[in-house]
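*Asks:* Read off the chains here:
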Amino acid sequence: MDEFVNLKETELRLGLPGTDNVSEEIERVSCNKRALQGDTENETESSMMKMETCPPRKAQIVGWPPVRSSRKNIIQTKKNESDSEGGRGVYVKVSMDGAPYLRKIDLSCYKGYKELLKALEIMFNFSVGEYFEREGYKGSDFVPTYEDKDGDWMLIGDVPWEMFVCTCKRLRIMKGSEAKGLGCGV
Amino acid sequence: MAEEEDLSEMTNDVERHLKLDPPKPSSSPPCPSHVLENVLENVLKFLTTRRDRNAVSLVSRSWHHVEAQTRFEVFIGNCYSLSPARLTRRFTRVRSLFLKGKPRFADFNLMPPDWGAQFAPWVAATARAYPWLEKVSLKRMFVSDDDLALLAVSFPGFKELVLLCCEGFGTSGVAVVANKCRQLKVLDLIESEVTDDEVDWISCFPEGETHLESLSFDCVESPINFKALEGLVVRSPCLKKLRTNRFVSLEELHTLMVRAPQLTSLGTGAFSSTHDGAQGEQEPDYASAFRACRSLVCLSGFRELTAEYLPAISPVCANLTSLNFSYANISPDVFKPIIRNCHNIRVFWALDSICDEGLQAVAETCKELRELRIFPFDPSEDSEGPVSGLGLQAISEGCKKLESILYFCQRMTNVAVTAMSENCPQLTVFRLCIMGRHRPDHVTGKPMDDGFGAIVKNCKKLTRLAVSGLLTDQAFSLIGEYGKLIRTLSVAFAGDSDMGLRYILEGCPKLEKLEIRDSPFGDVGLRSGMHRYNDMRFVWMSSCRLSRGACRDIAHTLPSVVVEAFGSDDDDDDDDEDDNADYVETLYMYRSLDGPRKDAPKFVTIL
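Chains as they are written, first to last, in full-length UniProt numbering: chain A, 1 to 186; chain B, 1 to 607.
The reader is advised that the hints may include incorrect statements.
Claimed, not checked - Negatives, chain B to chain A, calculated, CB over 12 Å: (1) L44; (2) E209; (3) E403.
To be verified - Covered by chain A, according to a simulated footprint, are these stretches of chain B (three or more residues, beta-carbon under 8 Å): (4) 74-87; (5) 370-379.
Note that these hints are calculated values from the structure, not bench results.
Cβ atoms here follow ideal geometry from the backbone N, Cα and C, with glycine treated the same way.
With the sequences and hints as input, model every part of the structure.
*Replies:* Printed below as a string of C-alpha cells:
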C-alpha cells in the first residue's frame, strides 16, 4: 500500500500537486464491489432489491471529509491568497538606538539602498552620512545596520541589494561607540 | 457535556404513564392539594437537571402539574418532535428555550436547502405565551430577520441570544436585536451564516451603559464599524467575552484589549497587521496588552495570523484553559514555544499544520487536557497528512485526563487507536475521521476493526463515537457488544452488509442519534431496528441501500415516528426516474408527538 503511494508521488504530471482522480476510482470500486460481496441473504427478492437500490454513481463526493464550509472557505481563501500573491511584502522591523518605538517597513517598496536610506532618514529624522566601501559610514554618529538570517549584524550596503532583501531579518540604526566597531570591521 | 433529556422523550413517557389530557381551566382546588402544590413548588425549584425533572413529572398528576409550573428551562433536541402549541400548553413559565433543528449531516451539504427547521412558528408561539422569556439558544435552525425582529419586540426582559450553526438572517436582523433588547447580556453568533446587509449593526446598540457580558461575532463575514465597537466596549463594564471577526486587525484588537483588560475570553480577529498602515507607523506593544489581561483564560480567532506576532500571547499562556488555533496555519516551529507555557489548557483546537511534532509538544505540556480537536488544513482525501497515529498515541500517553477527541487524519493504525483506548479511560467522545475513504491500517493493511473495537471495549464511559477508515461488519459487532452507553453514533463509508446495522440496533440500548452515510446497509438492517425507533431521537441514512417499501413499513408500524425520504439532486433525468423511483437517497426519521410536520417542502416525502 505504501509502495503504491510513493510511486504516485514521483509520477510526472501536468496537474497541480495534490489533485488526481483517485476519488472517482474509489467511488466506483466501493459501489460495485460491496453490492456483490456483501450479500448474505439468499432471497432473490432482496438481492434484486439490492441491485436496484445501489446508489447511483456520483462524480464527486458531497460533504466529505465532514468539514463545515465555514472552515473550508477560510482555508481556501488563504490558499488562494498565497498562490496569487505577486510581490510579497518583505516587512522588517526598524529600531533606532534611543528611540522609544519600533517602526516597520516593507523592503520590497524600495528599489535600492539609496531609496531605503532616504526613507529611514526621514522616518527617524537623522542622517546617515556617506557610505565608503571599505570604511563604512562617515560623517554621522548613526550607522544603519541589519541582522541577517544567520544572526550576524552587518552594515547596510555591504551586499548586493537583492541579496540584502532576501537575507535581512531586521534593521537597527546604531549610534555612538557600538557603531564605530561595526563600521571598521568590514 | 450535560446529559440531554429530550423534551419529547419525557413528554412521551408522561403521556404514556399518566394518560394526560390537555389541561382544562380549573376551579380552585380543595385546600390540602393547594398546600401540597405550594410545598412541592418550593422543593422542585431546586431540581435543575432534566432527568430529575422527568422522573418527578411521572409521579402523579399533581406532581406533573407542579413540575410543569416550575420548569424554567426547556430543551428540545428536535424542533419537529413536538409542536410549539404543545410546549406552551404544558409549560407555563418558561424563561429559557434551547431548540435544535437540522441534524448534523446538514452541515456537510447532505440536506437540500429550505428543508425546514424554521424558528418562525416557535417565536410566534412563545411571544404570546412567555412574555417574560429571557434566553433563547438555537442550533441549526433557520432564523429570518423577521423572526429576530419579533423576538426583539416581544420580550422586554430578553437577556441572552445564542445562535449556533444557524442561517437565514443577516446583519439587519442582528441590528434589531442589538437595538431593541435593552437588557441584553449575551449576543453570541457562533459558526452561523450571516448575510451582509451592509448594516452597521454595532452602531445600533443603544447609547449609555450596556449590560453586555458576552459578544461573539467571529463568524460574521463582513466588516464592522470599529469606532463603534470601541465605543461599545468602553460602555460595557460587564463585558467578559468578546469574540471579534477577521475584519478586526491586530492594531484594533490592541485598542480593544487596552479598553477591556477585564476580559476572560477573547476572539482575536485577524491577528495580522494591516499592511497599508505598516509603512513607518509605530507598533503597539502587544505583549504588554496581553499581560494586562490578567483574567484571560480563553483565546481564539487568529483568522489571518501573521506568525511573527504570535509570541505576544505568551504572557497569558500559563493562565489559559481554552485555546483555539483552528483557523490558523501554524507550523510546529512557531507552535512549540507557545504551547510549552500552556500548562493549564483543558480545551485545545488546532489545525493539523502543527503536525505530529506539535501534538507531541501538547502531550508533554498539557497534562490537564480534556478536549482535543484537530482539523485538516487541507480537507481533501489525497493530500499529504501532517498528523497520524504517532500524534494520536503521543497525546494518549501525555494527556491521560482526555475526555473528548475529534481527530482528522489521512492515515492511522490500529495500534495507535488501541493505545488511546488503554491510556485514556475517561474518554466519553471519540471521533476519528480518516479522510481517505475505506482506508485500512497503513502499516498492517488490515481493517480498522481492532482499533475501534478496543475503544468500545476499554472506554467504559463512551457516549459518542464516530468511525471511519476500512471497517467490516466485525467492527459493528464489537460496537454492539460493548458500546452499551453510546448515545450518538456516526458512520460513513463503512461495513459490509445489513448485519453491520443490525449489530448496532440490537446491541446499543442507549442509542439516541444514529447518522449513517454511504454504507451498504439496506432494508433488512433497517427493519431490525423496529423495536428501537420509538426510543431514539433520530436516524439518518443517506446513500445506503434503502427502498421506499421498507421505509413505508416503518412509518406504518410506528405511528409516532415521522419518516422522511428525500434526494439530494433536483435534476433527475426522466429515464432514470423509473429505475430509481424505489431507491431512497436519504432517510431521516424521528419520533414526534404531533405527527408529520405541515411545512415540509415538495422534495420531501413523508411516508
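*Asks:* For every hint, state whether the structure bears it out.
*Replies:* Status of the hints after comparison with the structure:
| no. | hint | verdict |
| --- | --- | --- |
| 1 | L44 | holds (40 Å) |
| 2 | E209 | holds (33 Å) |
| 3 | E403 | holds (21 Å) |
| 4 | 74-87 | violated (count 0) |
| 5 | 370-379 | holds (count 5) |
Violated hints amount to a single one, hint 4; each of the other numbered hints is respected by the structure.
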